[in-house]
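So the protein sequences, as listed, match chains H and G.
Mapping the first sequence onto full-length UniProt numbering, position 291 (from 1) lands on 291, and the numbers just tick up by one.
Mapping the second sequence onto full-length UniProt numbering, position 138 (from 1) lands on 138, and the numbers just tick up by one.
Rather than coming from a laboratory, the hints here were simulated on the basis of the structure.
Accuracy of the hints is not assured; some may be wrong.
[Unchecked claim] Distance ranges between label pairs, derived from CB positions:
id, chain 1, residue 1, chain 2, residue 2, range
1, G, Arg131, H, Pro48, 34 to 44 Å
2, G, Arg131, H, Arg83, 31 to 41 Å
3, G, Asp177, H, Gly36, 52 to 62 Å
4, H, Leu123, G, Phe25, 48 to 58 Å
5, H, Leu123, G, Arg251, 48 to 58 Å
[Unchecked claim] Capping the alpha-carbon separation at 25 Å, the derived lysine-lysine pairs in DSS-like fashion look like this:
id, chain 1, residue 1, chain 2, residue 2
6, H, Lys208, H, Lys94
7, H, Lys208, H, Lys128
8, H, Lys208, G, Lys26
9, G, Lys110, G, Lys78
10, H, Lys241, H, Lys100
11, G, Lys110, H, Lys128
[Claimed, not checked] Some chain G residues near chain H, calculated using beta-carbon distances under 7 Å:
id, residue
12, Thr88
13, Leu105
14, Tyr227
Every residue gets a Cβ at the ideal spot worked out from N, C-alpha and C, and that includes glycine.
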Amino acid sequence: MTVDSATQAGPAAEPAPMGVVATAPGPGSAGRGRSGLAGAFLNKFLLPFSVFALIIGIWYLVSGLTLSPRQRFMLPLPHDVVRVGILDWDNFSKTLEALKYTVIVTFTGLAISMVLGVLAAVLMNQAKWVESSLYPWAVVLQTIPILALTPVLSFFFGFALTSRTIVCVIISFFPIVSNTLFGLQSVDRGMHELFTLHHTGRFTRLWKLQLPAAMPAMFSGFRIAAGQSVIGAVVGEFFFKQGNAGLGTNLSVFASRLEGERLWATTLVASLLGVAVFVFFGWLSRVAVGRWYQPRRG
Amino acid sequence: MTTTTEPPPAAATAALRFAGVSKRFKDGTVALAGADLSVAPAEFVSVVGPSGCGKSTLLRIASGLDDATGGTVDVHSKSLGYVFQDATLLPWRNVAHNVGLLAELEHLGKRERQARVAEAIELVGLAGFERHLPHELSGGMRMRVSIARSLVLAPDVFLFDEPFGALDEITRERLNDELLRMFIQRRFAALFITHSVQEAVFLSGRVLVMSGRPGRIKAEVAVPFAYPRAPELRYSAEFAALCGEISRHLRDV
Ligand SMILES: Nc1ncnc2c1ncn2[C@@H]1O[C@H](COP(=O)(O)OP(=O)(O)OP(=O)(O)O)[C@@H](O)[C@H]1O
Ligand SMILES: [Mg+2]
């Protein structure tokens with residue numbers, strides 16, 4: 001029965017995009033205008049959803065064919081995940097409650113990172129010696145395994161939300177610093193000279209030229225950092241389990257109890273949080289700089 | 001400015017004067033070797049020369065962006081305008097705010113600034129485009145914004161570095177006509193770099209021809225036509241003869 005649905009999902013998903021892709025290059029550049037809407041539909045919906053269907057199909061195949069019913073807690077059938085983990089309101093409302101705390105930690109950590117990161121980047125941009133002395137450590141900070149920090153963080157900040165938030169800051173700090181710094185430093189030389197001609201002080205130059213020019217890079221840093229912060233929150237909850245349970249707390253509980261359905265449903269919610277945060281920051285960036293900055297132009 | 005042992009020349013009223021100016025870059029490139037030129041107040045002087053002969057360097061030194069490594073540079077100017085080859089507009093500022101930028105940097109009061117911005121926008125023919133962003137403008141319009149931005153400060157010396165080099169012939173001629181109109185109205189001293197001999201002759205009272213690198217002024221051609229100049233001047237025999245003469249100078253650089 002499940003095998004049936006798998007074989008249906010597989011072939012049904014595959015030929016559809018293949019056929020369209022084969023004809024798409026045909027019309028060439030002259031056909032761009034005509035295929036605009038169809039192309040957008042293809043790229044935005046048809047292709048991603050075909051891949052989605054394919055993944056679900058493979059999931060059914062792996063779970064249904066290679067795992068015996070007793071092993072299936074590792075990778076339960078997708079409809080069981082939905083039934084137990086999402087449609088069961090008792091379970092799902094607990095997941096939503098956990099989601100709330102994960103979101104709080106994610107955004108608190110991210111906000112702190114944004115403030116500290118932009119500030120650090122501005123200081124590094126203003127004084128070369130600050131950059132020389134701090135930037136290498138910003139790189140290193142990102143590479144420290146969180147596991148190594150668990151004892152010291154818990155000693156000073158306890159096993160609850162504060163430590164989790166700090167993990168988020170550590171993990172999301174670097175993308176903001178590096179992107180903002182890059183933005184501040186890659187301002188067109190001609191524009192700098194225009195400001196130099198009029199004896200502009202460094203604060204005015206920063207405020208009227210460099211910071212606005214760095215906004216697109218800064219926002220792409222925010223977007224990367226936001227994704228990192230979600231990961232930071234979940235990982236932090238894994239290590240710091242006291243206080244309100246977040247998605248990561250639940251993940252470790254379900255994993256130890258072999259509750260595969262709820263484990264996978266929680267994973268799904270955590271990924272959706274990541275996607276939502278990514279989409280949100282993409283939108284925010286368009287609102288902030290989309291009026292004058294079009295990455296696809298030129 | 002850099003000074004050497006050379007005694008200051010007698011005529012002291014030039015808006016801009018270079019005497020034996022040379023420039024050697026740190027990497028050893030000699031861009032200018034003994035360049036002499038002067039521009040009187042309310043005079044329009046163009047410079048033509050082969051690519052890489054040091055024309056931009058000349059303007060950068062005049063503006064103070066670079067220092068000469070020899071010779072004397074005198075700039076008598078209360079307000080210096082400098083139009084680069086690129087419009088260098090801030091992409092997040094609309095036309096009005098770009099035009100007002102230099103006035104902001106020079107701390108002009110808001111009232112005063114707004115009045116001057118409106119006037120400059122009018123003068124370059126961009127009325128109605130105040131709220132447009134740079135990416136919504138054509139290349140010619142962006143250049144107009146760039147010129148208006150300097151006009152706001154009412155420059156008495158105006159430096160132009162191939163401002164219309166990237167534009168098509170028709171747009172370029174239109175902007176030449178309009179630039180002359182502004183020149184007649186504002187009476188600034190202009191030093192104008194260009195690749196186009198026609199453009200140089202049409203705009204200037206004098207055209208200077210530079211040698212190849214290291215650059216010097218190797219010929220000077222006076223243009224006798226009175227201002228204002230009609231667009232049809234470009235098709236007259238005298239005009240063609242002058243262009244021919246300058247082109248000859250350029251060829252045996
Ligand atoms: N910062 C620099 N360091 C070293 N050499 C330089 C520098 N700037 C310019 N040069 C060299 O000096 C010479 C003159 O440069 P400049 O830009 O003044 O030429 P140009 O006459 O304006 O050329 P074009 O017509 O192509 O604009 C060139 O050979 C250039 O390579
Ligand atoms: Mg040049």
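Evaluated hints:
{"no.": "1", "hint": "G:Arg131 x H:Pro48: 34 to 44 Å", "in the structure": "38 Å, holds"}
{"no.": "2", "hint": "G:Arg131 x H:Arg83: 31 to 41 Å", "in the structure": "56 Å, violated"}
{"no.": "3", "hint": "G:Asp177 x H:Gly36: 52 to 62 Å", "in the structure": "40 Å, violated"}
{"no.": "4", "hint": "H:Leu123 x G:Phe25: 48 to 58 Å", "in the structure": "32 Å, violated"}
{"no.": "5", "hint": "H:Leu123 x G:Arg251: 48 to 58 Å", "in the structure": "56 Å, holds"}
{"no.": "6", "hint": "H:Lys208 x H:Lys94", "in the structure": "48 Å, violated"}
{"no.": "7", "hint": "H:Lys208 x H:Lys128", "in the structure": "21 Å, holds"}
{"no.": "8", "hint": "H:Lys208 x G:Lys26", "in the structure": "31 Å, violated"}
{"no.": "9", "hint": "G:Lys110 x G:Lys78", "in the structure": "21 Å, holds"}
{"no.": "10", "hint": "H:Lys241 x H:Lys100", "in the structure": "15 Å, holds"}
{"no.": "11", "hint": "G:Lys110 x H:Lys128", "in the structure": "35 Å, violated"}
{"no.": "12", "hint": "Thr88", "in the structure": "4 Å, holds"}
{"no.": "13", "hint": "Leu105", "in the structure": "4 Å, holds"}
{"no.": "14", "hint": "Tyr227", "in the structure": "28 Å, violated"}
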